[in-house]
Amino acid sequence: MDLDLPASVVAFRDEVREWLAANVPGPLPPMDSAEGFEPHREWERRLAEARLSAVTWPREYGGRGASLLEWVVFEDEYYACGAPGRVSANGIALLGSTLLALGTDEQRQRILPRMARADDIWAQAWSEPEAGSDLAGVRSRAVRTDGGWLLSGQKTWSSRGAFADKAFGLFRSDPSAHRHRGLTYVMFDLRAGGVTVRPIPQLDGTPGFAELFLDEVFVPDADVIGEPGDGWRVAMSTASNERGLTLRSPGRFTAAADRLVELWRARPDPSLRDRVVDAWLGAQAYRLYTLGTVSRLAAGGRLGAESSVNKIFWSELDIALHETALDLLGTDGELESDWLGGYLFSLAGPVYAGTNEIQRNVVAERLLGLPRGDR
Amino acid sequence: MDLDLPASVVAFRDEVREWLAANVPGPLPPMDSAEGFEPHREWERRLAEARLSAVTWPREYGGRGASLLEWVVFEDEYYACGAPGRVSANGIALLGSTLLALGTDEQRQRILPRMARADDIWAQAWSEPEAGSDLAGVRSRAVRTDGGWLLSGQKTWSSRGAFADKAFGLFRSDPSAHRHRGLTYVMFDLRAGGVTVRPIPQLDGTPGFAELFLDEVFVPDADVIGEPGDGWRVAMSTASNERGLTLRSPGRFTAAADRLVELWRARPDPSLRDRVVDAWLGAQAYRLYTLGTVSRLAAGGRLGAESSVNKIFWSELDIALHETALDLLGTDGELESDWLGGYLFSLAGPVYAGTNEIQRNVVAERLLGLPRGDR
Amino acid sequence: MNFALDREQLQLAASVHELLADADVPAAIRSWSACEPARGLDVLRRLAKVGVAGLAVPERFAGPGAGPVELAAVFEQLGRHAVPGPVVESFAAVPALLADTPGAERWLPGMAAGDLLATVALPPHVPYALDADVAVPFLVDGDTVHTAVAGAVRSSVDKARRLFDVAAAERVGPGAVDRAFELGVLCCAAQLVGLGVGLLEQASTYVRQRTQFGRPVGGFQAVKHHLASVHVALEFARPLVHGAAVTMAPRDVSAARVAAADAAYRAARSALQVHGAVGFTLEYDLGLSLTKVRALRSAWGTQSWHRERVLGAIDPGLSERPRR
Amino acid sequence: MNFALDREQLQLAASVHELLADADVPAAIRSWSACEPARGLDVLRRLAKVGVAGLAVPERFAGPGAGPVELAAVFEQLGRHAVPGPVVESFAAVPALLADTPGAERWLPGMAAGDLLATVALPPHVPYALDADVAVPFLVDGDTVHTAVAGAVRSSVDKARRLFDVAAAERVGPGAVDRAFELGVLCCAAQLVGLGVGLLEQASTYVRQRTQFGRPVGGFQAVKHHLASVHVALEFARPLVHGAAVTMAPRDVSAARVAAADAAYRAARSALQVHGAVGFTLEYDLGLSLTKVRALRSAWGTQSWHRERVLGAIDPGLSERPRR
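Chains as they are written, first to last, in the numbering used here: chain L, 1304 to 1678; chain F, 1304 to 1678; chain H, 71 to 394; chain V, 71 to 394.
So that you can see chain L by itself, here it is in the shape it has in the complex (with noise of 0.2 Å):
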């Protein structure tokens, strides 16, 4: 056991840290906003040229086919640099991955280098106002016509979707299935006829989600991820492996708890001590309990229910950071500031992606082992 850098990662890592110093912006509009987003279009751009937007994709897409491992240190340098947020975060880590392990040869051709470049900026289309938690519940249709299908329907929760380019997403292509039976993935132009995209603004005065409604949109059979009606376990196949590893780094947190401990150190109040401790050695903890992971992961180990324990953790670790962060603040905790935008953000955390309250079920009972029960 031990937590030794090879000396390519070091290589890779010094040289991660030597272009980030030499290119990371100074700060950016928010990213879901109508003068942040084409911004941060640019730096995806600029990550891209240096194959450093979507480092563990093979180079023919666009990355460098780097390990989880780089993978790990290049989070590490990017967020300890206090670089942008990630406005492809989406598409890469979740389109990305499925077309990775599940698309087709042209799909991840015609998709993936775009991707890569920001060329196409993809929003996220799960959620629906009746199927939140509820995912099996989705509504919206996928109709069979000549050489593709039509949505109708609406999704909501849908991340970037104010501003972004395309959308992926599950849809009722069976209406006589019943839940996860008979949903298909599919992947559409939000620039398509039939596409209706309303902004949802957030607490923090950006739509940070949009809602879209869609009628009768054609897309065609090329744009189908896998075998139609077999969008659940498409869109699952990724969900609980590599994401629940990916979804975030604990170069974030670890970025954070640093920064946390400065501002301890600027502002000291004996009583917030052990909160900015245990808020440290949560970040500490996530990097290596990732780095565990990363180990098992490399010897062909596989993740299953471990993902719900992973986003339970981070979700309320980055909480923590930054609630403890308000607080030494004092009066002036209440003031708009990093700290306060990356709580405002944190809250989110719990309720997304999952809310914990499902990912806890799913850890007593598949890790636990206890019943069922009626939830």
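Bear in mind the hints are in silico, worked out from the structure with no lab data behind them. Nothing here was measured: the structure is a model prediction, and the numbers come from that model. Check the hints yourself; a few may be wrong.
[Claimed, not checked] Pairwise CB distance ranges (calculated):
(1) R278(V) - V223(H): 57 to 67 Å
(2) K119(H) - A1404(F): 27 to 37 Å
(3) Q279(H) - D1524(L): 33 to 43 Å
[What the hints assert, rightly or not] Not everything, but these chain V residues come out facing chain F in the computed CB check (under 7 Å):
(4) S226
(5) T275
(6) A365
Glycine is no exception: its CB is placed at the ideal position from the N, C-alpha and C atoms.
Got chain L sorted already, so can you dock chains F, H and V onto it with the hints?
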């Protein structure tokens, strides 16, 4: 709105304070031990001689007709001076208030004065192996016989059961009736033929509870409270009203909180400051909440599900007080001490007298109007 | 000993609640946040008609002359509806501050009549003057009160709290600074309890209606237990607020504020969690209260400062029994 | 970088677990608590046969010469079964303490063979010597090791922890005090993770079987969520323990101990709550682990002291990336 004690209450308080200062014995052996039970009975007798063992009862039964405010004040004084635990508390608080509300004159005159003098010390016999939180699941039987009933079955978690003289509980008198129906509230002698008492040693080493095995134990009709078959209503009639108030007096917690602050001053640890303050103000809150309840009851109000709110709060406060003290004690926190004994006792709070899970269901359903659900 | 609100106090609170329930306060908050205070000012004027303007203005200035208990009762309702504006300042702190200050007649009668709002900065715990663009700003320096001129405005997590830097303009005279501060903290605490109550009401209503997995969300035990815990915390914060109103001892005022802010914060977190994503949206009303709770948690002194003040003032063996 | 136990380490842990699962450890704990250590000593001798006695005794004294990672793996299993006796002291701390001390051959070979147990007091954080009636007691004063004589015994919340006052007898020589202390803290942390795992296993088993209201208690969402939270806390405490075993940096050792003690404490509280009254009884095994968690929470330094040590050693901007 005021917090001023009337002159009569001040006079009562001064009398109590003076009497306690002159009479409180040094530390006694544990109440639930062979060597400690009788000294605790002796102490109850001394309290009774001063009409202080059951202050709220009418004078004819050994009390002094004290108001609830006087009871609060009595308890403040009692716990502030470090007087012994009350070995008669279960009988006085639970059975006593039931008899006062629903007993016959004959029962009151026969039973209450002996209880006030600790001639009889009473154990409760509510729970059964298959009826813990779910009290309506009682299986022990009361079978009709000439002039009375024959009790058979098994009771468990009988507080004081190891050494007490008598016990009270619910028995199923109509085997065809479902759950809450067909139960009868019965008092019985723990020395009677057919009763076997098995003490259950607790983590602190003393048998605070016992199992009771009953094999055709005869009780006369005179020892049934209320009508046969109406036991659930009898038991519940006092459960949520006065019992919700008097199960734990504020004096216990304010006295412990003051000792905690003293401990803090002797061993200040800045990182524990917030917990010390929160425990202290929790005790203050509990006292003020109780005074508010006393005021409402004095104005003709009634308590309902509020007693669940109360139970949740004091049981968690009690643990917080003692946990904080043990942490303040540092390396010596693990050593035997009054704080450690109090801590082990406090841990039972959230389980005892209706688990806090059940109480939260009650609060959510009866006070917040949430659906019953499947629990 | 009678530790319960009397009939008049209950009626006052009920009338404030009824007025606000009918006033579309959420729309007023949104306008206020967009620098259009007209709707909010209208709400405050309507409050004046039920005797709530300048609540602590003494009777000799034609004010209601309300005491701390009435203030606590009213501010819980103001918090429950997340009423915008410098209410702590204008209804409680400034009236107390100027009650015995020569020249106070320039402002207090107008405040009592609902024609004038006032605001105040009391550094270090209240470094900015809230809503100084719609209220006469004062600045306290030591024991001395000055009128003030408003400078830059700062943005709070609660968009309806517009915080102004202020500089002294004209010296007014000595003020009852301690009394003003304690009343401000007390009213802030009462507001926080009310905010928590309002959040719990919104959450309870939502989970009764919202279904997931074919059942009302409110039937899930985890949801029930979260909201029950919030209720318990609020029920035990309120007596501390009322107790502080009776004694007005700094220790008790700080204790009330600590418990109220923690209970309200718990209410905010739980309400958000049971709402899910809709709770984060600007168009849904929940956020109006959520952000105010976060802001008030450090307004009128931090939790840490108030806890220190409690601990410093505990006199073991005596303190736990008021008025012995 | 390979942050996972290797096959040998996993096999060692598994063999310890299997041995203990068959050894009726609860009976040994109860006897130990009643000053009848024979059964417990037998368990420790059986551990010696799988190479676990004097685990950190160097190979030149015929010991296993196990490193911190092996110690962490084994001590998690010892904790999981709540094994009584001076295992931290005899398997880890004393072997490290005496490894380079002249004269250590008097004790270390016997400890490695399972014939001898040792214990140690390292004031101020370890003021008493655990189980000095069955082990050779040492006392550390500064950098110097002494043999010790045991005095009065003190009673712990964990009845199987018999804590002795000790006084110096004979000077042994200089010892590796820092290393001994860090290893003691690390093993204490690993034990705590194991105690938490064992408590969670007991609780999960119990709630699958116990019914209330006609259903298994484990089907109630509140119970599920409590136990899921415990699992999360333990899963994230373990990597800190393993990370500390790799670096042996005092900061990391303290971080591991803080997280492990909090996770184990959470496990203890939740396990007790889902068990209900039976959990408080001496005859039920749960209490054997419960009380040990409470005791170990302040053994080998308090949580507060360890947190202070973590904070003092954080080097922002560097610390979060081991071995940069």
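Hints and how they fare:
1. Our hint of 57 to 67 Å for R278(V) and V223(H) holds, since their Cβ atoms are close to 59 Å apart.
2. Take K119(H) and A1404(F): their Cβ atoms lie about 48 Å apart, and the range 27 to 37 Å is violated.
3. Distance hint check: the CB atoms of Q279(H) and D1524(L) are about 40 Å apart, consistent with the given range 33 to 43 Å.
4. A least Cβ separation of about 5 Å between S226(V) and chain F falls short of the 7 Å threshold, and the interface hint therefore holds.
5. Interface restraint check for T275(V): the shortest CB-CB distance to chain F comes to about 18 Å, outside 7 Å, so the restraint is violated.
6. Against a cut-off of 7 Å between C-beta atoms, the interface hint on A365(V) holds, since the closest Cβ of chain F lies about 4 Å away.
Taken one by one, the earlier hints fail for this structure at numbers 2, 5, listed in ascending order.
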